[in-house]
Amino acid sequence: DAKTTQPPSMDCAEGRAANLPCNHSTISGNEYVYWYRQIHSQGPQYIIHGLKNNETNEMASLIITEDRKSSTLILPHATLRDTAVYYCIVRAKVETSGSRLTFGEGTQLTVNP
Amino acid sequence: DTEVTQTPKHLVMGMTNKKSLKCEQHMGHRAMYWYKQKAKKPPELMFVYSYEKLSINESVPSRFSPECPNSSLLNLHLHALQPEDSALYLCASRNRKEGTEAFFGQGTRLTVV
Numbered sequence: 001d002a003k004t005t006q007p008p009s010m011d012c013a014e015g016r017a018a019n020l021p022c023n024h025s026t027i028s029g030n031e032y033v034y035w036y037r038q039i040h041s042q043g044p045q046y047i048i049h050g051l052k053n054n055e056t057n058e059m060a061s062l063i064i065t066e067d068r069k070s071s072t073l074i075l076p077h078a079t080l081r082d083t084a085v086y087y088c089i090v091r092a093k094v095e096t097s098g099s100r101l102t103f104g105e106g107t108q109l110t111v112n113p
Numbered sequence: 001d002t003e004v005t006q007t008p009k010h011l012v013m014g015m016t017n018k019k020s021l022k023c024e025q026h027m028g029h030r031a032m033y034w035y036k037q038k039a040k041k042p043p044e045l046m047f048v049y050s051y052e053k054l055s056i057n058e059s060v061p062s063r064f065s066p067e068c069p070n071s072s073l074l075n076l077h078l079h080a081l082q083p084e085d086s087a088l089y090l091c092a093s094r095n096r097k098e099g100t101e102a103f104f105g106q107g108t109r110l111t112v113v
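Which chain is which? The protein sequence lines are Y and R, in order. In terms of the working numbering, the first sequence opens at residue 1 and continues consecutively. In terms of the working numbering, the second sequence opens at residue 1 and continues consecutively.
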């Protein structure tokens, strides 16, 4: 699976959009981009994933560049409860014998009042 | 039911004890994972089970022994642990279909004394 690079920390004002970048320049055509977040001492929570097209769900939007080498997770109206570590993960589309889900260092997002 | 249930939530054990961590899901997922997470670090993959067979062991010491007795249950047997094994142990499961997300439990906080 391709390696990802994220900034270690970001701040955002409550009510504003939070834009979290992720670089995955070695991504291959058969790999998805997944985003998870982990609120302090809880299990990671799935947010969204995509292959080529931009995706949106009730939690967030995922923008993937045309060359697929980077992506941005957008939380449109951040709240204090969105303070968490956000992980961008690249994973192969085709399953081998149980595929790895490997976490990088992630970005600590702090939403300030 | 989209829950992964881990028991116990907290465990304190001595270095000569034998204990087990339990993980259960009823989503019909056929891939299950154990992760170890130290404070302020990302989750680290330990084991992957696919269709109840061990498919990935990330060179984990033998004092950690996983078991998957059926498709809903995953155990982690612990024996002769060291204080440095104290961590949050996370279980996850996912459907093996292409492009599906993993669901995580809330973890077991293990302290080895």
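Since the hints were made in silico from the structure, they are not lab data. For every residue, glycine included, the Cβ atom is placed at its ideal position computed from N, Cα and C. Any given hint might turn out to be false.
Covered stretches of chain R, as calculated for chain Y (at least 3 residues, CB under 8 Å) [claimed, not checked]:
id, segment
1, 11 to 18
2, 66 to 72
3, 77 to 86
A few chain R residues that don't get close to chain Y, going by computed Cβ distances all over 10 Å [as the list claims (entries may be wrong)]:
id, residue
4, P8
5, K22
6, E24
7, H26
8, M27
9, G28
10, I56
11, S59
12, P61
13, S62
14, Q106
15, T111
In silico DSS-like pairs for lysine-lysine, Cα to Cα no more than 27 Å straight-line [as the list claims (entries may be wrong)]:
id, chain 1, residue 1, chain 2, residue 2
16, R, K19, Y, K3
17, R, K18, R, K38
18, R, K9, Y, K69
19, R, K53, R, K40
20, R, K19, R, K9
21, R, K40, Y, K3
Consistency of the hints with the structure:
no.	hint	in the structure
1	11 to 18	violated (count 0)
2	66 to 72	violated (count 0)
3	77 to 86	violated (count 0)
4	P8	15 Å, holds
5	K22	15 Å, holds
6	E24	14 Å, holds
7	H26	17 Å, holds
8	M27	13 Å, holds
9	G28	15 Å, holds
10	I56	6 Å, violated
11	S59	13 Å, holds
12	P61	19 Å, holds
13	S62	20 Å, holds
14	Q106	5 Å, violated
15	T111	14 Å, holds
16	R:K19 x Y:K3	35 Å, violated
17	R:K18 x R:K38	21 Å, holds
18	R:K9 x Y:K69	39 Å, violated
19	R:K53 x R:K40	31 Å, violated
20	R:K19 x R:K9	13 Å, holds
21	R:K40 x Y:K3	20 Å, holds
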